[in-house]
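Guided by the hints, dock chain B onto chain A, whose structure is given.
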Amino acid sequence: DTGVSQNPRHKITKRGQNVTFRCDPISEHNRLYWYRQTLGQGPEFLTYFQNEAQLEKSRLLSDRFSAERPKGSFSTLEIQRTEQGDSAMYLCASSLVGRGWGPGSSYEQYFGPGTRLTVT
Amino acid sequence: KNEVEQSPQNLTAQEGEFITINCSYSVGISALHWLQQHPGGGIVSLFMLSSGKKKHGRLIATINIQEKHSSLHITASHPRDSAVYICAVSSYAGGTSYGKLTFGQGTILTVHP
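If you're matching them up, the sequences are chains A and B in order.
Going by my numbering, the first residue of the first sequence is number 204, and it counts up by one from there.
Going by my numbering, the first residue of the second sequence is number 764, and it counts up by one from there.
Calculated from the structure, these hints are not laboratory results.
Please note: incorrect hints may appear among the correct ones.
[Claimed, not checked] Below 20 Å or equal to it, Euclidean Cα-Cα: the simulated EDC-like pairs (lysine to aspartate or glutamate) are:
1) A:K274 <-> A:E259
2) A:K217 <-> A:D266
3) B:K818 <-> B:E766
4) A:K217 <-> A:E286
5) B:K831 <-> B:E768
6) B:K818 <-> B:D844
7) B:K818 <-> A:E259
8) B:K816 <-> A:E311
9) A:K260 <-> B:E768
10) B:K817 <-> B:D844
11) A:K274 <-> A:E247
12) B:K817 <-> A:E311
As the structure is a prediction and not an experimental result, all values here were calculated from the model.
Looking at chain A on its own, in the form it has when it is part of the complex (with noise of 0.2 Å):
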């Protein structure tokens, strides 16, 4: 399968634990994104990397969360000392990088199936 990968697929942790998610993103992505989905809303932002680089943080994204991608290849995103409020579906997406700017410059984002962490 060829497709993107998220590990594990279900976390539940006690508050103030610390947790830790993979995603492997299509190989031959050089941008991976990860974005946070609570229940009945959309998807947010939280990080993005475009190789090992990574070129935005969320102010979502607080100092308990750190996201790592070495090599360009796979990522973590890691919670430190975890909040109920943590709680939620934690997705990773990868795609091409795009072309320049504007319209038509994007590559379709393929996601994966997400983990759910449950804080109890």
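Just chain B, lined up with the frame of chain A:
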């Protein structure tokens, strides 16, 4: 006001009906995406468009760049079309296509047999 607004939030239809979901946005975009999400979380890209109209099977997506509005149509709806449909835009600023998506809240579609 959200940058991406969808309507309606909930839509119920009978099998065979023609369905329209609307999306309005307020930022400059490089593309507008229509996505489908089934229970359990997986998101599938249906369309990515920056002008005009695209068709795939019973699904049609249109966009009016001047009015910053897009519609997703489903002809001859079927119960298997029941899902959440999400509009998202990839915006640009300062001459660089960032690519990150800004999402609407989604439209929950239920098609009854």
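| request: List, from low to high, the hint numbers that the structure doesn't satisfy. | output: Hints 3, 7, 9 and 11 are the ones this structure does not satisfy, whereas the remaining hints hold.
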